[in-house]
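S.K.: Protein chains in written order, with the numbering used here: chain A, 2 to 229; chain B, 449 to 774.
No wet-lab data here; the hints were simulated from the structure. Every residue, glycine too, gets a C-beta built ideally from N, C-alpha and C. Treat the hints with caution; some may be incorrect.
What the hints assert, rightly or not - The list that follows gives simulated cross-link-like pairs (lysine-lysine, DSS-like), each with its CA atoms no further than 30 angstroms apart:
#1 Lys111/A to Lys73/A
#2 Lys601/B to Lys582/B
#3 Lys601/B to Lys164/A
#4 Lys612/B to Lys464/B
#5 Lys545/B to Lys612/B
#6 Lys464/B to Lys545/B
#7 Lys612/B to Lys161/A
#8 Lys627/B to Lys767/B
#9 Lys744/B to Lys161/A
#10 Lys64/A to Lys582/B
#11 Lys545/B to Lys601/B
#12 Lys767/B to Lys161/A
#13 Lys601/B to Lys64/A
#14 Lys164/A to Lys582/B
#15 Lys118/A to Lys64/A
#16 Lys200/A to Lys545/B
#17 Lys8/A to Lys681/B
#18 Lys767/B to Lys582/B
#19 Lys64/A to Lys8/A
#20 Lys111/A to Lys681/B
#21 Lys681/B to Lys161/A
#22 Lys601/B to Lys200/A
Claimed, not checked - Simulated restraints, written as ranges between beta carbons of each label pair:
#23 Lys161/A to Gly742/B: 44 to 52 angstroms
#24 Asn757/B to Tyr32/A: 48 to 56 angstroms
#25 Ile180/A to Thr663/B: 21 to 29 angstroms
#26 Phe658/B to Lys200/A: 43 to 51 angstroms
#27 Lys582/B to Arg39/A: 16 to 24 angstroms
#28 Ile203/A to Asn605/B: 38 to 46 angstroms
#29 Asn634/B to Thr197/A: 55 to 63 angstroms
#30 Ala156/A to Cys774/B: 54 to 62 angstroms
#31 Thr663/B to Lys161/A: 22 to 30 angstroms
#32 Asp147/A to Ile688/B: 15 to 23 angstroms
#33 Ala194/A to Ser751/B: 39 to 47 angstroms
#34 Ile180/A to Ile604/B: 13 to 21 angstroms
#35 Asn508/B to Ile83/A: 36 to 44 angstroms
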Amino acid sequence: MSSITIKIAGENALIIYFAEQENSEVAAQIYQAQQLIRENCTNELVDLIPSYASVLVIFDSFKCDHLQLKNKLYTCLNAIPIGNIIAGRLVELPAYYGIECAPDLAALAKRAGLSIKEVVNIHQNQEYRVYAIGFAPGFAYLGDVDSRIATPRLATPRMKVPKGAIAIADRQTAVYPSISPGGWNLIGLCPTAMFTPEKEPIMPISVGDRVKFCAINQPEFIALGGEL
Amino acid sequence: MNNSQDSKEYFGFIVKQAGIHTLIQDLGRFGYHAIGLTNGGPLDYQAFYWANSLCQNPANSSALEITLGGLELTAISATKIAVTGATVALFINNQAKALWRSHTINSGDIIRLGFAKRGMRAYLAVVGGFQIPKSFGSSATVCRESIGGLQGKALINNDFLPIKTLSAKVEVDFSLPEKYRPIYMNEVVLRTIVGYQYQHFSRLAQQLFFSSEFTVSEHCDRMGYRLANDNIKSHISADIDGVLSEGICHGAIQIPADGQPIVLLNDRQTIGGYPKVGAVIALDTNKLAQLGQGAKVYFEEISMEDAHNANLLAQQQFKCTTLQTC
Chain A
2 MSSITIKIAG
12 ENALIIYFAE
22 QENSEVAAQI
32 YQAQQLIREN
42 CTNELVDLIP
52 SYASVLVIFD
62 SFKCDHLQLK
72 NKLYTCLNAI
82 PIGNIIAGRL
92 VELPAYYGIE
102 CAPDLAALAK
112 RAGLSIKEVV
122 NIHQNQEYRV
132 YAIGFAPGFA
142 YLGDVDSRIA
152 TPRLATPRMK
162 VPKGAIAIAD
172 RQTAVYPSIS
182 PGGWNLIGLC
192 PTAMFTPEKE
202 PIMPISVGDR
212 VKFCAINQPE
222 FIALGGEL
Chain B
449 MNNSQDSKEY
459 FGFIVKQAGI
469 HTLIQDLGRF
479 GYHAIGLTNG
489 GPLDYQAFYW
499 ANSLCQNPAN
509 SSALEITLGG
519 LELTAISATK
529 IAVTGATVAL
539 FINNQAKALW
549 RSHTINSGDI
559 IRLGFAKRGM
569 RAYLAVVGGF
579 QIPKSFGSSA
589 TVCRESIGGL
599 QGKALINNDF
609 LPIKTLSAKV
619 EVDFSLPEKY
629 RPIYMNEVVL
639 RTIVGYQYQH
649 FSRLAQQLFF
659 SSEFTVSEHC
669 DRMGYRLAND
679 NIKSHISADI
689 DGVLSEGICH
699 GAIQIPADGQ
709 PIVLLNDRQT
719 IGGYPKVGAV
729 IALDTNKLAQ
739 LGQGAKVYFE
749 EISMEDAHNA
759 NLLAQQQFKC
769 TTLQTC
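For reference, chain B alone in the conformation it holds in the complex:
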């Protein structure tokens, strides 16, 4: 194992197959933008939230963000796990198991994830959360910064993932009722707050932006999603080439001179100088981050007040949802 000498003294999992891109994440790193640190944290915080919730964990517990799948873990102690998010096949000791519910794990069990059929990111939480040291207040892995997680990197084979020992054996498992589970589509509407340099885009550019279909390009990752529409790209650039570099918020939509919008996500740069039309609300960046190359995206304007209402509603829904016991 990479990060412990004797697994028998530890509780946790050994990574047998790290998968395409698997990262330790908590809710993210806040308060360090002034020295240039970005947020990190789960790209789809709703799926992340439910994974922890199914394990009866506090919302900020460390869990795995699994992009595309392919992960295999061996348990070296008893615990419970839950997998949510993208539709992936889940096997425990070669037996197919359901997502969106918790499962009992015994020492020696092998947990294996297939590859995503719908959506891009699955989340695997464990009771008590993965026990990962925090750097700058968070365990969130930001590979570009080499900060958080295990040595600032994505999981690699033979990593050891420490967990808490179960204080008492819990018989009951939980599942999220089906009606509350998101359905990952291949087409998403991104509600957008107009702001920043919006007035530097012509009326034509504004109208084209909000009435055109964009395609997710191959450049889509935790920093941001680059979108494309070759028919309108020459018409949607701003009347300025750039601005004095300024702070970039989560979801900000920058439009470089090539006219291809980039929606900036959790691992975005904190400062930049491309003109921006505004920012996508986080409820919808969750959906964006579940899209892969070739998926369709539309933008729709939303006011600050309506966005606030949508967030309050979503928060209430989180609070009022009762997990089923099983």
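For reference, chain A alone in the conformation it holds in the complex:
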């Protein structure tokens, strides 16, 4: 509890910081805090955004002010049970690391002082946890990327990243579920649809699941519905 802080984000938003860094214990705390806030702040709550080590709370500023809400949030946070770690499902996602659809792979490998093959192996040997979903519908933030291939975001974001792009930013990795702007380093393509509003489940993964990438070749990528 002692490390949790609540800060102002905007005129109708507070952000709860749980820790400096994400880990399984923090993920479990965030999961529980979310439930407690949803149950106890129904009147003033507009929306919640859980993430790696924070929860953004958007409230109706005509129903309460930020100081009242802060008190209520502290009450919720104090009610979180300690030491309850949730293990998620293991989901495998196919990954095509072909250089023609990985515009940042060569630069990333060069920066890391590794071969492209080594980068790919390191990326797919790691088991990742789904820390948050956001940025775009179905965009799941996966961590942690092996520090050897961790790479900062591009200084200027791209205006257009293709659907299915597998990307790295610092120690995070993700699959872009649709065409969007983005500043992450692109290292491949995943043929699995990450967000289908018309189908259940809407997403193949949810917060708390574990994910492994498994390399496929170009014909397999096409056979799985991938588009180049």
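Assemble the complex: chain A is given as a structure, and chain B must be docked to it using the hints.
M.R.: Chain B only, in chain A's frame:
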């Protein structure tokens, strides 16, 4: 028509010219940030509010957000409409008509909008609201997500826009008194709540941020407005490259390593990792969204309490304004 077989059984409009970028919007989509859905909704909610209000509609009724203009509709049933927001020429059957008031429309009438002279976004509301199915609780179109509106897209020629039939013919029209109408300037002060990573910006960066003039860049859309000031960009970056990705509120100002601020708006990403200095209040993002490339922007600090007061005042003004009958 794209989305109906026989217009005679329906009430509504046929889109003859979709215009530059015309979207169905209601007040927006709330409660789905946890699966990554953004808000959508009108960029200038004040102009949107008045359009619906002039049609005697509830605030959350579906209306059109028309960026830059160029829209042409043919009515296939009688109704009333009102156009507010950016200064555009409005013609009904080639007769010039006033904005900020309701107009009677008969079956066969042609409604045509010119291009914006002041401001960027006009709003067209219809009595009873456009009858658009909701997805995830809202009709708001978010093109990036392909959600809301008509198949998640901006209007295209030959779309059909269904409306409610009028239960009784209403003779009276309403207008918003001139003193309550916003004037769209080419220069705007954005009141900003400091927050998020504000302490990660040096005193110099903070002072430069709040004392410099920024220019709206060509990258200004429903996701956000990218601003530029080449003289100070190397001095206003944070002492960190990024943060663990975290929730982004409406109006949040992120400053990537290139030192060019981006004010995030209704179609923003819900989560991101660029350092943020705080967030612009919604009363002022309304004004920002009416600016085009090249317009000037300044930031000014405001406390949570003063922002709350400003919002209460604005709400009271909405409530106390009586529309004129005409």
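S.K.: Now look at each hint and say whether the structure bears it out.
M.R.: Against the structure, the hints:
This hinted pair does not check out: Lys111/A and Lys73/A have alpha carbons roughly 50 angstroms apart, beyond 30 angstroms. Taking the CA atoms of Lys601/B and Lys582/B, the gap is about 14 angstroms. The hint holds against a cut of 30 angstroms. For the hint pairing Lys601/B with Lys164/A, the CA-to-CA distance comes to about 17 angstroms; that is within 30 angstroms, so the pair holds. Between Lys612/B and Lys464/B, the direct Cα distance comes to roughly 20 angstroms. Compliance with the 30 angstroms bound is thereby established for this hinted pair.
With a C-alpha separation of about 23 angstroms, the suggested pair Lys545/B and Lys612/B falls inside the 30 angstroms cut-off, and the hint holds. Pair hint Lys464/B plus Lys545/B holds up; C-alpha atoms about 19 angstroms apart against a cutoff of 30 angstroms. At most 30 angstroms may separate the alpha-carbon atoms for a hinted pair to count; Lys612/B and Lys161/A exceed this at roughly 39 angstroms. Between Lys627/B and Lys767/B the alpha-carbon distance is near 15 angstroms, which keeps this suggested pair within the 30 angstroms criterion.
Between Lys744/B and Lys161/A the alpha-carbon distance is near 27 angstroms, which keeps this suggested pair within the 30 angstroms criterion. Our distance criterion of 30 angstroms between C-alpha atoms is met by Lys64/A and Lys582/B, whose separation comes to about 26 angstroms. At most 30 angstroms may separate the alpha-carbon atoms for a hinted pair to count; Lys545/B and Lys601/B meet this at roughly 29 angstroms. Between Lys767/B and Lys161/A the alpha-carbon distance is near 43 angstroms, which puts this suggested pair outside the 30 angstroms criterion.
Distance hint between Lys601/B and Lys64/A is unfulfilled; the C-alpha atoms sit about 34 angstroms from each other, more than 30 angstroms. Between Lys164/A and Lys582/B the CA atoms are separated by roughly 25 angstroms; this keeps the pair inside 30 angstroms, and the hint holds. Among the hinted pairs, Lys118/A with Lys64/A is inconsistent with the structure: their alpha-carbon atoms are about 56 angstroms apart, more than 30 angstroms. A threshold of 30 angstroms between alpha carbons decides the hint, and for Lys200/A with Lys545/B the separation of about 46 angstroms lies outside it, so the pair is violated.
Proposed proximity of Lys8/A and Lys681/B is supported: the alpha carbons are some 26 angstroms apart, at most 30 angstroms. With a C-alpha separation of about 27 angstroms, the suggested pair Lys767/B and Lys582/B falls inside the 30 angstroms cut-off, and the hint holds. The suggested pairing of Lys64/A with Lys8/A holds, with an alpha-carbon distance near 19 angstroms, which does not exceed 30 angstroms. Between the alpha carbons of Lys111/A and Lys681/B the distance comes to roughly 29 angstroms, so the proposed pair stays at or under 30 angstroms and holds.
Proposed proximity of Lys681/B and Lys161/A is supported: the alpha carbons are some 24 angstroms apart, at most 30 angstroms. Proximity of Lys601/B to Lys200/A is assessed by CA-CA distance (about 20 angstroms); at most 30 angstroms being required, the pair is judged to hold. Between Lys161/A and Gly742/B, the C-beta spacing of about 24 angstroms breaks the proposed range 44 to 52 angstroms. For the hinted restraint 48 to 56 angstroms between Asn757/B and Tyr32/A, the CB-CB distance of approximately 37 angstroms leaves it violated.
A beta carbon spacing of about 28 angstroms between Ile180/A and Thr663/B agrees with the range 21 to 29 angstroms that was offered as a hint. Between Phe658/B and Lys200/A the CB atoms are about 48 angstroms apart, so this pair conforms to the stated range of 43 to 51 angstroms. The supplied range of 16 to 24 angstroms is met by Lys582/B and Arg39/A, whose beta-carbon atoms lie about 22 angstroms from each other. In this structure, Ile203/A and Asn605/B break the distance hint of 38 to 46 angstroms, their C-beta atoms being roughly 32 angstroms apart.
The hinted range of 55 to 63 angstroms is not satisfied by Asn634/B and Thr197/A, whose Cβ atoms lie roughly 43 angstroms apart. At about 55 angstroms, the CB distance of Ala156/A to Cys774/B agrees with the hint of 54 to 62 angstroms. For the pair Thr663/B and Lys161/A, the supplied restraint of 22 to 30 angstroms holds, since their beta-carbon distance comes to about 24 angstroms. Between Asp147/A and Ile688/B, the C-beta spacing of about 22 angstroms keeps the proposed range 15 to 23 angstroms intact.
Distance hint for Ala194/A and Ser751/B: a CB-CB separation of about 45 angstroms, consistent with the stated range 39 to 47 angstroms. Range check, Ile180/A to Ile604/B: Cβ separation about 18 angstroms, and the 13 to 21 angstroms hint holds. With their beta carbons about 42 angstroms apart, Asn508/B and Ile83/A fall inside the hinted range of 36 to 44 angstroms.
Checked against the numbered hints above, the structure breaks hints 1, 7, 12, 13, 15, 16, 23, 24, 28 and 29 and satisfies the rest.
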